[in-house]
Amino acid sequence: MAAPNKGRRPAAGGQSKPGRALAFILIAMVALTGGMFLSHTTTPRLGIDLAGGTSITLKAKAEPGQESAINKKNMDTAVQIMNRRVNGLGVSEAEVQTQGSDNIIVNIPKGTNSEQARQQVGQTAKLYFRPVLTAQPTAAPPTPSASPSPSGEATPTPSGKASPNASGKATPSAGKPSSAGTPQGRALTDALKAPGTPTPGASKPSTPAPNPSASGDSAAAAKLQAQFAALDCSTKEARSKAAEGAKSSEPTVACDKDGQEKYILGPAEVDGTDVSKAQAVINQQNGQWIVQMDFTGGGSKKFAAITGKLSQQQYPNNRFAIALDNQVVSAPTVSSTLSGSAEISGNFTQASAQDLANVLSYGALPLSFQEQGVTTVTAALGADQLHAGLIAGAIGLALVIIYLVAYYRGLATIAILSLVVSAILTYAIMTLLGPTISFALNLPAVCGAIVAIGITADSFIVYFERIRDEIREGRTLRPAVERAWPRARRTILVSDFVSFLAAAVLFVVTVGKVQGFAFTLGLTTLLDVVVVFLFTKPVMTLLARRPFFANGHPWSGLDPKRLGAKPPLRRARRTTSAPVDNPKEA
Amino acid sequence: MSKLGTLGARLYRGEVGYDFVGKRKIWYGISILITITAIVGLAVRGLTMGIEFEGGAAFTTPKTSMSAAQAESAAEAASGHDAIAQKLGDGTIRITIGGIDTGKSDQIKKELAKDLKVDANTINADLVGPSWGETIAKKAWTGLIVFMILVVIYLAIAFEWRMALAALVALIHDLTITVGIYALVGFEVTPGTVIGLLTILGYSLYDTVVVFDGLKEGQKGITKQTRVTYSEMANKSLNGTLVRSINTTVVALLPVAGLLFIGGGVLGAGMLNDISLSLFVGLAAGAYSSIFIATPLVADLKETMPEMKALKKRVLAKRAAAAAKGETEEPQDDSPLDEDDDPQTAGAVVGQRRQPSRNNRGKRR
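In order, the protein sequences belong to chains A and B. Remember, my numbering sits 28 above the position in the first sequence when you count from 1. Remember, my numbering sits 1 above the position in the second sequence when you count from 1.
The set of hints was computed from the structure by calculation and includes no laboratory data. Check each hint, because a few of them may be wrong.
Distance windows between CB atoms, simulated [said to hold, decoys possible]:
| hint | chain 1 | residue 1 | chain 2 | residue 2 | range |
| --- | --- | --- | --- | --- | --- |
| 1 | B | 66 | A | 254 | 52 to 60 angstroms |
| 2 | B | 66 | A | 398 | 35 to 43 angstroms |
| 3 | B | 27 | A | 129 | 45 to 53 angstroms |
| 4 | B | 304 | A | 463 | 56 to 64 angstroms |
| 5 | B | 47 | A | 325 | 51 to 59 angstroms |
| 6 | A | 398 | B | 308 | 53 to 61 angstroms |
| 7 | A | 382 | B | 143 | 56 to 64 angstroms |
| 8 | A | 325 | B | 83 | 49 to 57 angstroms |
| 9 | A | 96 | B | 83 | 39 to 47 angstroms |
Far from chain A, some chain B residues (derived; all Cβ distances over 12 angstroms) [unchecked claim]:
| hint | residue |
| --- | --- |
| 10 | 27 |
| 11 | 28 |
| 12 | 31 |
| 13 | 36 |
| 14 | 49 |
| 15 | 71 |
| 16 | 166 |
| 17 | 211 |
| 18 | 224 |
All C-beta atoms, glycine included, are put in the ideal place defined by N, C-alpha and C.
Okay, chain A solo, but in the shape it has when bound (with noise of 0.2 angstroms):
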């Protein structure tokens, strides 16, 4: 982008037309803070470092042989699952962004239940289908259940259950009343069904008899029987303890996720990235909760070949677990092939509909995630952090301005009106890239602003010591800061570009923290070549004009004699041979 210019002559339009790049500079400033008044944002989203809250660094972990795994598009479904879940808990402004190649950082503002945030996002929820070979109630088997409830024998449809659509998109069975109320005891009675088929009977809740459909080995069905029986299901750590390290692929010992029952399940036959839909629906029939969910075009697949296996089979081996992480959220038994779409339908309340939907929709992360870091900082922490930051920010911005007085003068006048320009422009663009790509201001971001200020008033000293050089030279001002424009131009270009691919590099490989640095100063980079070349340049010529800076007046900082020039013999010479600026007001 900065080539350096070769050619010093094509000075550019800048310097005949100053008043074009100031009019044009001052739209912007206008349009900007225009923008940023009508947009009613007028200060910068602060971080979360400095506004108080939570910032939680997640990184994929790759599985062995599965790196591939980590790319975009995994990353961008488990940003947007995560999202769900962190403004399923009511949070709002709640951030998840993805950060470099693996990384997710999720960002809670203060005031929200941090903790319970960390837990669903943290969560590395795998939802597996797999089918249940063994049940057994762990403790006593809760009361409503023990005493069969009327719903089972209610009325079984043909349309329904004798007639097993092969598309699963099963024909509404004509509006035919599902009778009876769902039975009691929901983690043993759930039904999965194709979508408007009523309520095919829950079989009696059953002694369940411990009979593992002898798939695999004896040895192995012989340790997940000891397994099972030990099973613990009392408390929660147990509970998820329970199935750790299972693979999907092979059978394994799990918990109801209230520690009702405990299970062994068969292998995964169905992923929970195979779920393309879930929701909540009160069925219309019976004013029930029902979930309602649907596949995607493999899933359906795999769907109707298991639950046509299933529905074949007996009490308890016709259910089909939905385990996420290895825990049994709900176990709904199976009476048809069902594919495309199923409902569950089930004891529900809406909430607890809505937990299966979310779970079902949300739950299956497409990679595993581990919390790298964690960042709780208080509102007042921030608040000090912010206030120390600017208080820093001023001082430093205040010492610059001393220094460029006492070296510069009057000269300084348009070194810290170009600041102001450039502070303006800076602020206005950062407090609107808050809505529009949700930049936010952190620390190092405010650091980054801070250094800032030095790259651009280096800009200045390299232009106005171009024209001090010029000076010496024994130009008279006007052409002095023409000729002394392409030379400070192209150094100025050459080491804003050099800045700027520091910025950028550290923008791409860098993740967190460090991004917000590196987006400021990248961002007060260019914004500085802006101001050079449409505020700074012209601004100069237009006070070359000026008696007081034009005759060397020894406060304007461009006294000839002060800057130790060339006798005026040569001074004469030049001024008619150099380059006459337009004298055309703006």
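Here the structure of chain A is known, so what remains is to put chain B in place on it, guided by the hints.
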């Protein structure tokens, strides 16, 4: 200031100047010494890595009257790990506990809150898993290498490969010094440090570019004259841009100093301090290296070119001839590439410039 102004003028015209290039051996020596010290320091003392790299947790309490030692024992009791507590300037305590994983932190935070008799919600926690640091470090290295390659390519195009190479050496030199100082003083390395360090990349080069730009101008048409060798030209051009270089460095350092001493000082340890500390060290090193290392290095590289060797020969021969005639050597102060000055006027200028300057104090040659 006016004195500085005239000094700038005299530097520009080459009336005064320091022989940076001629005395390069000294500066190379010093730099090699510093580099060795830095490497030894790094090898012997190693870097003090922050919890961000080791994994662990840092808690910042609200203002409390409790002493650091008390907080430390409370934290150790709560976590079962070694803890380090520091009382910060504003009365808050920062407690760092290494080796705990992120899962445990909530519990520790609660216990800590109980022990310190504050609300758990007012304690800031910064928890980092141990593998995170590796990621950050890896990314930092990637960034560093990518940047170096890109910038060398760019500088080779914008200037020439010799300058690109010299700039790269200067850059590595700056980074080594900065890292060495961190090792020797024992400052903690945090992501903030890494940010600062990576920023030095751009900044150190900014300064070098300003100097090289002058150099590039200076070397135009150098082979067409017989008054100065490349090294002499480089030195003059370096002196000519010295004020610019010093000013840009000072102006860059001022905000960083503000950050470091005021922003950081108010709050004690923190990211502001970490970034600004490494920036401060790196910027200072960067200013030094662009003047004392990069330019002499370019001169050295250039002097190996056949045409520059030939030039040097011619220049020396001419001087020898002049000396033999008993003439005083004509001070060479005009840049041979004042492009639009034709040779005749250039000669006239040299004549003009030999007027005694009003103030010769500080003249060192």
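Okay, the hints, checked on the actual structure:
A C-beta distance of roughly 58 angstroms is found between residue 66 (chain B) and residue 254 (chain A), which places it inside the suggested range of 52 to 60 angstroms. In this structure the hint that residue 66 (chain B) and residue 398 (chain A) lie 35 to 43 angstroms apart at CB holds, the actual value being about 39 angstroms. Taken as a hint, the range 45 to 53 angstroms holds for the pair residue 27 (chain B) and residue 129 (chain A), whose Cβ atoms sit roughly 47 angstroms apart. A C-beta distance of roughly 58 angstroms is found between residue 304 (chain B) and residue 463 (chain A), which places it inside the suggested range of 56 to 64 angstroms.
Taking 51 to 59 angstroms as the suggested C-beta distance range, the pair residue 47 (chain B) and residue 325 (chain A) conforms, at roughly 56 angstroms. Between residue 398 (chain A) and residue 308 (chain B) the Cβ separation comes to about 60 angstroms, which falls inside the hinted range of 53 to 61 angstroms. For the hinted restraint 56 to 64 angstroms between residue 382 (chain A) and residue 143 (chain B), the CB-CB distance of approximately 44 angstroms leaves it violated. As the Cβ distance of residue 325 (chain A) to residue 83 (chain B) is approximately 55 angstroms, the hint placing it in 49 to 57 angstroms holds.
The hint said 39 to 47 angstroms for the Cβ distance between residue 96 (chain A) and residue 83 (chain B), and at roughly 41 angstroms that hint holds. In this structure residue 27 (chain B) is separated from chain A by more than 12 angstroms, as the shortest Cβ-Cβ distance comes to about 27 angstroms. Distance check on residue 28 (chain B): its Cβ is at least 23 angstroms (rounded) from any Cβ of chain A, clearing the 12 angstroms threshold; non-interface status holds. The non-interface label for residue 31 (chain B) is consistent with chain A: the shortest C-beta to C-beta separation is roughly 26 angstroms, beyond 12 angstroms.
Listed as outside the interface, residue 36 (chain B) is consistent with that label: its C-beta sits roughly 22 angstroms from the nearest C-beta of chain A, beyond the 12 angstroms cut-off. Here residue 49 (chain B) stays apart from chain A, with its beta-carbon at least about 19 angstroms from theirs, past the 12 angstroms limit. The claim that residue 71 (chain B) is not at the interface with chain A holds, since no C-beta of that chain comes within 12 angstroms of its own (minimum 21 angstroms). No beta-carbon of chain A comes within 12 angstroms of the beta-carbon of residue 166 (chain B); the shortest separation is about 15 angstroms.
A beta-carbon of chain A is positioned within 12 angstroms of the beta-carbon of residue 211 (chain B); the least distance is around 6 angstroms. For residue 224 (chain B), the non-interface assignment is confirmed: its Cβ lies about 18 angstroms from the closest Cβ of chain A, beyond the 12 angstroms cut-off.
Consistency note: the structure conflicts with the earlier hints numbered 7 and 17.
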